[in-house]
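*Asks:* Here is what each chain is made of, one letter per residue.
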Amino acid sequence: MLDIYIKSIGYYIPSGKMSNDEILKQVENANRDRFNRDDLDFLIYSCKRKFEFLGIKERSYCIENDNAVSMAEKASLNAIERAHIKPEEIECIIFSGVNNPFREPSFAMIIANQIGLNNGDFFDINDTCNGFLKSIEIAYFYLKDQRYKNILLITSENPYEVGRSFGETFGIERLEDMDNKFSALYAGSAAGAIILSNEGNNGKITHYVEQRQTRDWDSSLYTAPNTGLPKTKYKKILNGVWADPRRISSLIIEEMPVFIKNELKKNGIQIDNIDLFFTHQLGDNVTFATLDKLNIDRQKAPINTFKEYGNLAAANIPVNMAKALEAGIIQDGSSILLMSSACGLTYSIAHVLW
Amino acid sequence: MEKINFNIFKQILAENLGITLNEINRSSSFRDDFRIDSLSVVNFLLKIEKKFKIKIDTENMMKMDNINNAYTIINKLIQERKT
Chain H
11 MLDIYIKSIG YYIPSGKMSN DEILKQVENA NRDRFNRDDL DFLIYSCKRK
61 FEFLGIKERS YCIENDNAVS MAEKASLNAI ERAHIKPEEI ECIIFSGVNN
111 PFREPSFAMI IANQIGLNNG DFFDINDTCN GFLKSIEIAY FYLKDQRYKN
161 ILLITSENPY EVGRSFGETF GIERLEDMDN KFSALYAGSA AGAIILSNEG
211 NNGKITHYVE QRQTRDWDSS LYTAPNTGLP KTKYKKILNG VWADPRRISS
261 LIIEEMPVFI KNELKKNGIQ IDNIDLFFTH QLGDNVTFAT LDKLNIDRQK
311 APINTFKEYG NLAAANIPVN MAKALEAGII QDGSSILLMS SACGLTYSIA
361 HVLW
Chain L
48 MEKINFNIFK QILAENLGIT LNEINRSSSF RDDFRIDSLS VVNFLLKIEK
98 KFKIKIDTEN MMKMDNINNA YTIINKLIQE RKT
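In order, the protein sequence lines correspond to chains H and L.
Numbering (the numbering used here) for the first sequence: 11 to 364.
Numbering (the numbering used here) for the second sequence: 48 to 130.
Just chain H, with the same shape it has in the complex:
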């Protein structure tokens, strides 16, 4: 049992909204010289139809003075304010996120400086979309050791800022390559922050468990340009964002419900007693397939930011939780399950008693 507490949850979603047509204009421009008009029309048409099926209309992105740093700062200060503490009471910051724009220094150091902290333990981790939940486990070790009293976990996802790696995504060589790039077309921007502590009245995190397998490491990739890859099972992997969506989805649909059932049983948690589920939102097709296989009423996953903001990567779960709190959906006594799947592959869950 972890027995650490969520003191507060903060978030920030930038005001920019990129429509389906706007992102498809970028796709068209990136491929104008590669395909004839008929093929280009089919490419755009098929993307539009898939957006329609998924129900996504817009994805959030940074405009004006917003960027990954400003989002992280705003979400952090939001969490600090909601926790009724001062920034100097934060002793440790752990940053996690798929779209971390900083190799040096760590993003956490920059966030610390932005919120007025000079000294402390500030570092980044990379566990792809599972990063935020993984950082909960890491924080647990520090809190249980009583090394720190307040730890800020922060994620800030702004895929459109990460430059060439993401930008190269939209150019393809064959029409069918868009199947492997499509997930990049509904990536959204947001930041989420949680303050964890040893003490509290609500938001007790009781468990975090994970399962990893490496055999499908190559089924979803996000690499810098010209990255050298080891031997893979695929004939060709394109640079930037690339995925085998069929394989990823089929693995999640098959393996994640089994993992969840087994771990809940092992840890004495009755799935029927869980009130709310917050999932990493790859898309409704995967989210609902997983919930359905677990015989979970979809109404128990009431917050769905995917259609309005897109896939927010590691920020999905903290943003969804924050919105649920604002809406009064999370109440005292709520039993909550956080569910994450991430490329690599990793599945994880965290149980929270509010």
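There could be a bad hint or two in this list.
Cut-off 30 Å, straight-line C-alpha distance, at most; resulting in silico cross-link-like pairs (DSSO-like, lysine-lysine) [stated by the list, open to error]:
(1) LYS317(H) to LYS67(H)
(2) LYS98(L) to LYS245(H)
(3) LYS58(H) to LYS123(L)
(4) LYS303(H) to LYS94(L)
(5) LYS35(H) to LYS97(L)
(6) LYS100(L) to LYS35(H)
(7) LYS214(H) to LYS310(H)
(8) LYS67(H) to LYS50(L)
(9) LYS271(H) to LYS67(H)
(10) LYS102(L) to LYS67(H)
(11) LYS333(H) to LYS303(H)
(12) LYS271(H) to LYS310(H)
(13) LYS27(H) to LYS84(H)
(14) LYS58(H) to LYS102(L)
(15) LYS98(L) to LYS243(H)
(16) LYS246(H) to LYS35(H)
(17) LYS246(H) to LYS98(L)
(18) LYS58(H) to LYS110(L)
(19) LYS94(L) to LYS67(H)
(20) LYS102(L) to LYS317(H)
(21) LYS310(H) to LYS276(H)
(22) LYS50(L) to LYS58(H)
(23) LYS97(L) to LYS246(H)
(24) LYS50(L) to LYS317(H)
(25) LYS110(L) to LYS317(H)
(26) LYS94(L) to LYS35(H)
Partner residues are not named here, just some residues of chain L that face chain H (Cβ under 10 Å, in silico) [said to hold, decoys possible]:
(27) GLY65
(28) PHE81
(29) ASP84
(30) LEU93
(31) THR105
(32) MET108
(33) GLU127
Far from chain H by the CB rule (all over 12 Å, computed), these chain L residues [stated by the list, open to error]:
(34) LYS50
(35) ASN54
(36) PHE91
(37) ASN115
(38) LYS123
(39) ARG128
Read the hints as simulated data drawn from the structure, not as lab findings.
All values derive from a computational prediction rather than experimental measurement.
Even for Gly, the Cβ is constructed at its ideal location relative to N, Cα and C.
Keeping the supplied structure of chain H fixed, place chain L upon it in accordance with the hints.
*Replies:* Leaving out everything else, chain L in the frame of chain H:
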């Protein structure tokens, strides 16, 4: 236009979705029997649209959660297609 024979349809499914031919039967569920998510089915149906020059609206796509539904609806649209 004449409808597609079921064996031909099975071959199209096998080639496009990577399903083993002899595992496909009319009652097979895309998700439960082959672990194919709904968006992957949509991807496949868009290729069917192009191949057979038909239009499958989203409402019909959502009904195609198993092989039989997909086969029936696609054939209906093929036969209704104006030549």
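*Asks:* Next, verify each hint and record whether it holds.
*Replies:* Hints versus structure:
1. LYS317(H) to LYS67(H): Status holds; Cα separation ~6 Å.
2. LYS98(L) to LYS245(H): Cα-Cα ~25 Å, so holds.
3. LYS58(H) to LYS123(L): Status holds; Cα separation ~24 Å.
4. LYS303(H) to LYS94(L): holds (28 Å)
5. LYS35(H) to LYS97(L): holds (22 Å)
6. LYS100(L) to LYS35(H): holds (25 Å)
7. LYS214(H) to LYS310(H): With a Cα-Cα distance of about 19 Å, the restraint between LYS214(H) and LYS310(H) holds, given a limit of 30 Å.
8. LYS67(H) to LYS50(L): Not satisfied, since the Cα-Cα distance of roughly 35 Å exceeds 30 Å.
9. LYS271(H) to LYS67(H): This hinted pair is violated, its Cα atoms lying about 33 Å apart.
10. LYS102(L) to LYS67(H): With a Cα-Cα distance of about 21 Å, the restraint between LYS102(L) and LYS67(H) holds, given a limit of 30 Å.
11. LYS333(H) to LYS303(H): Holds. LYS333(H) to LYS303(H) sits at ~26 Å (cutoff 30 Å).
12. LYS271(H) to LYS310(H): Roughly 17 Å separates the two Cα atoms, so the pair holds.
13. LYS27(H) to LYS84(H): It holds: about 18 Å lies between the C-alpha atoms, which stays within 30 Å.
14. LYS58(H) to LYS102(L): holds (14 Å)
15. LYS98(L) to LYS243(H): At roughly 29 Å apart (the allowed maximum being 30 Å), LYS243(H) and LYS98(L) satisfy the hint.
16. LYS246(H) to LYS35(H): holds (26 Å)
17. LYS246(H) to LYS98(L): holds (25 Å)
18. LYS58(H) to LYS110(L): This hinted pair holds, its Cα atoms lying about 19 Å apart.
19. LYS94(L) to LYS67(H): Holds, at roughly 23 Å.
20. LYS102(L) to LYS317(H): holds (24 Å)
21. LYS310(H) to LYS276(H): Satisfied, since the Cα-Cα distance of roughly 22 Å is no more than 30 Å.
22. LYS50(L) to LYS58(H): holds (27 Å)
23. LYS97(L) to LYS246(H): holds (25 Å)
24. LYS50(L) to LYS317(H): violated (37 Å)
25. LYS110(L) to LYS317(H): holds (21 Å)
26. LYS94(L) to LYS35(H): holds (22 Å)
27. GLY65: holds (7 Å)
28. PHE81: Check passed: Cβ of PHE81(L) comes within 8 Å of chain H, closer than 10 Å.
29. ASP84: Check passed: Cβ of ASP84(L) comes within 4 Å of chain H, closer than 10 Å.
30. LEU93: Holds, because the Cβ-Cβ distance from LEU93(L) to chain H comes to roughly 5 Å (cut-off 10 Å).
31. THR105: Given a least distance of 6 Å, the restraint on THR105(L) holds.
32. MET108: holds (6 Å)
33. GLU127: It is violated, given that the least Cβ distance between GLU127(L) and chain H is near 19 Å, above 10 Å.
34. LYS50: Non-interface label on LYS50(L) holds, nearest chain H Cβ at 23 Å vs cutoff 12 Å.
35. ASN54: holds (23 Å)
36. PHE91: violated (10 Å)
37. ASN115: holds (20 Å)
38. LYS123: At about 19 Å from chain H, LYS123(L) clears the 12 Å cut-off, so the statement holds.
39. ARG128: holds (17 Å)
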